[in-house]
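Chains A and B, in that order, give the protein sequences. In terms of the numbering used here, the first sequence opens at residue 1 and continues consecutively. In terms of the numbering used here, the second sequence opens at residue 1 and continues consecutively.
Certain hints may be false.
In silico lysine-lysine, DSS-like type, Cα no more than 25 Å apart, as pairs [what the hints assert, rightly or not]:
{"#": "1", "chain 1": "B", "residue 1": "Lys154", "chain 2": "B", "residue 2": "Lys182"}
{"#": "2", "chain 1": "A", "residue 1": "Lys68", "chain 2": "B", "residue 2": "Lys318"}
{"#": "3", "chain 1": "B", "residue 1": "Lys392", "chain 2": "B", "residue 2": "Lys402"}
{"#": "4", "chain 1": "A", "residue 1": "Lys182", "chain 2": "A", "residue 2": "Lys318"}
{"#": "5", "chain 1": "A", "residue 1": "Lys318", "chain 2": "B", "residue 2": "Lys68"}
{"#": "6", "chain 1": "B", "residue 1": "Lys392", "chain 2": "A", "residue 2": "Lys68"}
{"#": "7", "chain 1": "A", "residue 1": "Lys182", "chain 2": "A", "residue 2": "Lys154"}
{"#": "8", "chain 1": "B", "residue 1": "Lys68", "chain 2": "A", "residue 2": "Lys258"}
{"#": "9", "chain 1": "B", "residue 1": "Lys392", "chain 2": "B", "residue 2": "Lys425"}
{"#": "10", "chain 1": "A", "residue 1": "Lys392", "chain 2": "B", "residue 2": "Lys154"}
{"#": "11", "chain 1": "B", "residue 1": "Lys40", "chain 2": "B", "residue 2": "Lys28"}
{"#": "12", "chain 1": "B", "residue 1": "Lys182", "chain 2": "B", "residue 2": "Lys318"}
{"#": "13", "chain 1": "B", "residue 1": "Lys50", "chain 2": "B", "residue 2": "Lys425"}
{"#": "14", "chain 1": "B", "residue 1": "Lys318", "chain 2": "B", "residue 2": "Lys392"}
{"#": "15", "chain 1": "A", "residue 1": "Lys392", "chain 2": "A", "residue 2": "Lys402"}
{"#": "16", "chain 1": "B", "residue 1": "Lys50", "chain 2": "B", "residue 2": "Lys28"}
{"#": "17", "chain 1": "B", "residue 1": "Lys40", "chain 2": "A", "residue 2": "Lys154"}
{"#": "18", "chain 1": "A", "residue 1": "Lys40", "chain 2": "A", "residue 2": "Lys68"}
Calculated from the structure, these hints are not laboratory results. This structure is a prediction, so every number in the text was calculated from the model and none was measured.
Residues per chain are reported as follows:
Number of protein chains: 2
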Amino acid sequence: MVQLWDGIELDRTSNQPLYQQLEAHIEKLINDGSLPAGAKLPASRDLASKLGINRNTVTSAYDALVTKTRVHSHVGQGTFVAEPGRDATPETPSRMRWSFSRAALAARDRFRSPAEETHHPDPINFATMVPDEELFPVEPFRVVLDEVLARQGKQLLQYGPAAGYPPLRSYIAERLARRGVKATPENVLVVNGSQQALDLICRTLLDPEDPVVLESPTYTSVLPLLAQYRAEIEEIPMTARGMDLDALEASLTRSRPKLLFTMPTFHNPTGITMDLASRERLVDMATRHGVPVIEDDFDSELRFDGEPLPPLKAFDDKECVVHIGTFSKGLFPGLRLGWIVAPTAFVDTLGRSKLISDYHTSLLLQAAVLAFCERGHYDIHLERLAGIYREKSRVLIAALEKYFPDDVTWTHPEGGFAVWITLPKTLSVDAILSEAVADGVLFTPGEHFFAHGDGRRFLRLSISRVPVERIAEGVQRLGNILRRSSGHDSSGAGSREPEPALHI
Amino acid sequence: MVQLWDGIELDRTSNQPLYQQLEAHIEKLINDGSLPAGAKLPASRDLASKLGINRNTVTSAYDALVTKTRVHSHVGQGTFVAEPGRDATPETPSRMRWSFSRAALAARDRFRSPAEETHHPDPINFATMVPDEELFPVEPFRVVLDEVLARQGKQLLQYGPAAGYPPLRSYIAERLARRGVKATPENVLVVNGSQQALDLICRTLLDPEDPVVLESPTYTSVLPLLAQYRAEIEEIPMTARGMDLDALEASLTRSRPKLLFTMPTFHNPTGITMDLASRERLVDMATRHGVPVIEDDFDSELRFDGEPLPPLKAFDDKECVVHIGTFSKGLFPGLRLGWIVAPTAFVDTLGRSKLISDYHTSLLLQAAVLAFCERGHYDIHLERLAGIYREKSRVLIAALEKYFPDDVTWTHPEGGFAVWITLPKTLSVDAILSEAVADGVLFTPGEHFFAHGDGRRFLRLSISRVPVERIAEGVQRLGNILRRSSGHDSSGAGSREPEPALHI
Numbered sequence: 001m002v003q004l005w006d007g008i009e010l011d012r013t014s015n016q017p018l019y020q021q022l023e024a025h026i027e028k029l030i031n032d033g034s035l036p037a038g039a040k041l042p043a044s045r046d047l048a049s050k051l052g053i054n055r056n057t058v059t060s061a062y063d064a065l066v067t068k069t070r071v072h073s074h075v076g077q078g079t080f081v082a083e084p085g086r087d088a089t090p091e092t093p094s095r096m097r098w099s100f101s102r103a104a105l106a107a108r109d110r111f112r113s114p115a116e117e118t119h120h121p122d123p124i125n126f127a128t129m130v131p132d133e134e135l136f137p138v139e140p141f142r143v144v145l146d147e148v149l150a151r152q153g154k155q156l157l158q159y160g161p162a163a164g165y166p167p168l169r170s171y172i173a174e175r176l177a178r179r180g181v182k183a184t185p186e187n188v189l190v191v192n193g194s195q196q197a198l199d200l201i202c203r204t205l206l207d208p209e210d211p212v213v214l215e216s217p218t219y220t221s222v223l224p225l226l227a228q229y230r231a232e233i234e235e236i237p238m239t240a241r242g243m244d245l246d247a248l249e250a251s252l253t254r255s256r257p258k259l260l261f262t263m264p265t266f267h268n269p270t271g272i273t274m275d276l277a278s279r280e281r282l283v284d285m286a287t288r289h290g291v292p293v294i295e296d297d298f299d300s301e302l303r304f305d306g307e308p309l310p311p312l313k314a315f316d317d318k319e320c321v322v323h324i325g326t327f328s329k330g331l332f333p334g335l336r337l338g339w340i341v342a343p344t345a346f347v348d349t350l351g352r353s354k355l356i357s358d359y360h361t362s363l364l365l366q367a368a369v370l371a372f373c374e375r376g377h378y379d380i381h382l383e384r385l386a387g388i389y390r391e392k393s394r395v396l397i398a399a400l401e402k403y404f405p406d407d408v409t410w411t412h413p414e415g416g417f418a419v420w421i422t423l424p425k426t427l428s429v430d431a432i433l434s435e436a437v438a439d440g441v442l443f444t445p446g447e448h449f450f451a452h453g454d455g456r457r458f459l460r461l462s463i464s465r466v467p468v469e470r471i472a473e474g475v476q477r478l479g480n481i482l483r484r485s486s487g488h489d490s491s492g493a494g495s496r497e498p499e500p501a502l503h504i
Numbered sequence: 001m002v003q004l005w006d007g008i009e010l011d012r013t014s015n016q017p018l019y020q021q022l023e024a025h026i027e028k029l030i031n032d033g034s035l036p037a038g039a040k041l042p043a044s045r046d047l048a049s050k051l052g053i054n055r056n057t058v059t060s061a062y063d064a065l066v067t068k069t070r071v072h073s074h075v076g077q078g079t080f081v082a083e084p085g086r087d088a089t090p091e092t093p094s095r096m097r098w099s100f101s102r103a104a105l106a107a108r109d110r111f112r113s114p115a116e117e118t119h120h121p122d123p124i125n126f127a128t129m130v131p132d133e134e135l136f137p138v139e140p141f142r143v144v145l146d147e148v149l150a151r152q153g154k155q156l157l158q159y160g161p162a163a164g165y166p167p168l169r170s171y172i173a174e175r176l177a178r179r180g181v182k183a184t185p186e187n188v189l190v191v192n193g194s195q196q197a198l199d200l201i202c203r204t205l206l207d208p209e210d211p212v213v214l215e216s217p218t219y220t221s222v223l224p225l226l227a228q229y230r231a232e233i234e235e236i237p238m239t240a241r242g243m244d245l246d247a248l249e250a251s252l253t254r255s256r257p258k259l260l261f262t263m264p265t266f267h268n269p270t271g272i273t274m275d276l277a278s279r280e281r282l283v284d285m286a287t288r289h290g291v292p293v294i295e296d297d298f299d300s301e302l303r304f305d306g307e308p309l310p311p312l313k314a315f316d317d318k319e320c321v322v323h324i325g326t327f328s329k330g331l332f333p334g335l336r337l338g339w340i341v342a343p344t345a346f347v348d349t350l351g352r353s354k355l356i357s358d359y360h361t362s363l364l365l366q367a368a369v370l371a372f373c374e375r376g377h378y379d380i381h382l383e384r385l386a387g388i389y390r391e392k393s394r395v396l397i398a399a400l401e402k403y404f405p406d407d408v409t410w411t412h413p414e415g416g417f418a419v420w421i422t423l424p425k426t427l428s429v430d431a432i433l434s435e436a437v438a439d440g441v442l443f444t445p446g447e448h449f450f451a452h453g454d455g456r457r458f459l460r461l462s463i464s465r466v467p468v469e470r471i472a473e474g475v476q477r478l479g480n481i482l483r484r485s486s487g488h489d490s491s492g493a494g495s496r497e498p499e500p501a502l503h504i
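Using the sequences and the accompanying hints, generate a full structural model.
Spelled out as structure tokens, the structure:
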């Protein structure tokens with residue numbers, strides 16, 4: 001069995017999606033009798049680990065074989081090669097065969113695996129960055145929503161401008177002015193959260209095979225998006241002060257990417273914040289090389305102490321920075337409300353992309369959030385959140401110091417939810433994941449955050465939904481697993497993983 | 001001057017957008033001295049008409065020349081060739097030069113011209129399909145919105161599933177069952193209005209240069225969208241009973257398109273409804289040829305008399321129909337709330353496209369609309385709207401019969417807002433448009449609705465925002481212009497326009 005699967009080689013440079021390559025390999029094994037009827041296919045996680053690919057790629061290949069009736073799947077039992085007779089009637093297609101775009105297929109390979117589930121009676125979940133809804137300021141929002149609807153209902157339920165509700169555009173421009181950004185309301189485009197911001201920017205700038213530069217590790221959800229636009233990703237390592245600017249300069253000197261994507265503040269997944277001098281240097285570098293910088297400023301207002309830093313956009317004299325913000329982390333994720341601040345030369349074309357996508361974002365929600373902000377509720381809420389996350393972060397770091405082995409390291413974020421853990425060379429996430437799930441401690445494996453390479457020496461802990469009084473216990477459980485697994489890793493991570501890119 | 005512009009030939013088959021071709025032509029004329037400094041460029045409408053292209057293509061070319069400082073523009077005066085000195089300093093780029101994707105540039109050529117504006121003191125606007133906000137049931141909606149927020153605020157302001165709020169998905173499936181559609185909640189995907197539905201479907205199915213079949217004329221906003229996905233459009237003429245199915249059969253026999261887009265009910269812009277036998281035949285034909293049918297069912301509930309017809313989806317035994325619906329026409333456009341009902345084989349990939357686009361649609365708005373529907377408010381409101389539009393339509397048709405010349409013909413819609421007017425061969429919209437604007441009667445020129453060809457013998461009248469008591473007066477003003485212009489058309493429409501595609 002081992003030899004059977006060792007022979008599979010997947011070509012990451014091929015135009016054919018990985019899951020289709022795998023599907024074809026397995027079908028060949030079935031056709032040549034290597035996999036007889038009734039044979040059980042490996043569990044998706046095992047095969048993914050063996051082949052060094054995303055687990056979702058394996059499940060997509062299995063799904064495709066199920067559709068073709070070459071294999072069948074039983075929940076809780078596994079996936080088995082079908083009886084020969086079962087695939088004998090494909091010539092009477094009683095149903096439409098759907099054929100998807102190359103873009104959709106390319107994206108499909110890049111979705112993250114579903115989150116781990118645990119049957120532990122008392123789980124502690126460090127795996128999610130979803131904000132805690134128990135902290136939502138529902139009541140003051142309900143009041144302002146009702147008021148704006150009573151006052152301007154007809155207008156707010158009618159079609160509106162693609163670029164957004166004008167008073168909210170003005171407010172966003174003014175709010176950013178506090179952080180040193182020079183923007184007029186005309187530079188602001190309101191969108192359905194930062195994911196749509198990224199989608200519209202990609203749509204407006206990227207052709208297939210265009211090179212794109214981003215941090216390694218990076219935001220998980222940008223990877224299927226870039227795959228869909230069929231961009232060629234180049235990863236720049238992170239340092240303790242943000243993206244490695246020497247590596248970036250070398251990269252930009254070699255070739256000019258179509259855009260550069262960065263999270264300079266409370267970077268996801270590492271929590272790292274780029275210092276002011278580096279911000280200035282990054283913008284200067286991008287300006288010299290003529291590269292648009294896409295700044296995802298998704299949670300900079302969740303700073304534990306002091307005022308939020310000036311974003312890259314504040315250093316943008318030559319208009320090369322596109323700034324993305326959102327109300328998802330600091331207020332309500334479910335509103336789907338965010339914004340883009342873009343140079344005049346870009347904002348008009350971006351607005352047309354918004355029109356094509358969905359015309360505009362709900363005026364009612366825009367007006368309600370504006371009223372919420374103007375009455376001061378938003379700033380009060382942000383201050384409250386910062387206090388809560390400051391305390392959670394303090395408790396987390398103290399627990400890491402107390403319970404984690406000495407050869408494990410972590411970042412020290414100044415805000416946001418995420419802390420990034422680096423395991424010693426001898427240990428991989430794979431070695432501890434199933435034990436952690438069994439012990440009811442969930443985290444996000446590092447592999448989710450890398451465009452290339454598997455990231456198995458890293459994991460992300462998020463404090464957004466863990467009650468402060470459970471943090472130490474969760475870290476203790478994890479620490480125990482790490483100690484038990486240390487030196488007993490059988491996955492070969494030490495030999496397969498290149499030196500970690502994160503210089504901390 | 002006439003000769004100067006006669007020499008311009010644009011290549012519609014080229015990969016270079018039309019506006020860039022025009023821009024290059026004009027720049028050549030400036031460089032070789034044919035257009036000296038200070039020379040005035042033709043008005044965009046005149047040049048567009050002369051070259052047989054969309055006016056927006058001309059304004060895009062002029063805009064590009066303004067950016068390059070080759071020409072300058074003065075509102076109310078026109079566009080003039082710049083002094084030679086003005087373009088002498090392009091070598092010091094003080095600002096980022098933005099380079100857009102081929103997709104964004106292709107879409108840009110396809111946006112409709114801005115609506116005409118009139119300075120008439122008492123205008124009558126038949127040009128817009130935007131619903132009348134004076135009819136919005138704001139108060140009952142305000143009540144249910146407040147209730148759902150009070151009851152489930154935390155849940156509704158949190159992240160939600162990409163496919164939509166589960167109870168709303170169930171409701172949509174049940175509501176469609178009344179019209180003969182077999183759909184489970186799992187077949188339903190909630191989206192931000194029908195424009196996003198179309199975008200997600202294109203994203204999931206179309207590669208560049210894929211052929212797409214649609215009705216001629218068709219919905220304006222689908223054209224820039226398809227241009228953005230760089231689809232190759234084939235137009236099928238409309239008959240009085242909907243898309244010409246003989247022409248469609250011939251087309252599908254020649255080659256298989258990637259999708260077929262149709263509006264079988266109260267088609268926009270013609271108002272035509274496809275009869276039941278044709279619906280069945282269309283679905284059968286698509287099934288035989290293996291072509292996905294995208295059914296845009298945007299306003300079928302606004303039927304003047306009787307129950308809404310079974311949509312194409314009701315005949316879809318073989319799962320080839322993707323059904324699009326929306327709350328924009330029957331309720332509130334500004335909510336941006338619509339849905340897709342798709343076969344199981346398609347809905348999962350479509351859901352991933354939704355995730356990539358913007359994660360999900362606001363749960364709060366979904367829950368509020370569901371509560372609104374479940375209390376019966378929606379059906380009451382639809383009945384009220386149907387009565388109002390029935391009366392407006394009756395008044396419009398009576399006025400057309402009374403005031404329009406005998407050689408002008410029109411459709412007789414069974415619901416919706418639009419009536420489609422066909423002028424005699426000797427007359428073109430261009431000949432009457434400026435007079436109509438001066439007389440304060442706005443309508444939409446036919447050219448907006450054709451992918452190829454200029455449609456200058458057609459125009460659309462929409463009654464959505466014209467008060468019932470002003471309809472006859474508006475038609476009378478237009479009728480007078482038509483009588484005055486009849487036989488005095490200097491645009492050469494009679495010789496240039498092919499036989500109209502609409503057999504009514």
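How the hints compare with the structure:
1. B/Lys154 <-> B/Lys182: Between B/Lys154 and B/Lys182 the Cα gap is close to 33 Å, so the pair fails against 25 Å, i.e. violated.
2. A/Lys68 <-> B/Lys318: Status holds; Cα separation ~17 Å.
3. B/Lys392 <-> B/Lys402: holds, 15 Å
4. A/Lys182 <-> A/Lys318: holds, 12 Å
5. A/Lys318 <-> B/Lys68: Roughly 17 Å separates the two Cα atoms, so the pair holds.
6. B/Lys392 <-> A/Lys68: violated, 54 Å
7. A/Lys182 <-> A/Lys154: violated, 33 Å
8. B/Lys68 <-> A/Lys258: Given pair B/Lys68, A/Lys258 holds - Cα atoms ~22 Å apart, limit 25 Å.
9. B/Lys392 <-> B/Lys425: violated, 29 Å
10. A/Lys392 <-> B/Lys154: holds, 21 Å
11. B/Lys40 <-> B/Lys28: holds, 15 Å
12. B/Lys182 <-> B/Lys318: Holds: B/Lys182 and B/Lys318 sit about 12 Å apart, inside 25 Å.
13. B/Lys50 <-> B/Lys425: This hinted pair holds, its Cα atoms lying about 18 Å apart.
14. B/Lys318 <-> B/Lys392: With Cα atoms ~40 Å apart, B/Lys318 and B/Lys392 exceed 25 Å; violated.
15. A/Lys392 <-> A/Lys402: With a Cα-Cα distance of about 15 Å, the restraint between A/Lys392 and A/Lys402 holds, given a limit of 25 Å.
16. B/Lys50 <-> B/Lys28: holds, 19 Å
17. B/Lys40 <-> A/Lys154: Roughly 44 Å between the alpha carbons, so the hint for B/Lys40 and A/Lys154 is violated.
18. A/Lys40 <-> A/Lys68: holds, 17 Å
Hint compliance for this structure: hints 1, 6, 7, 9, 14, 17 are broken, all remaining hints hold.
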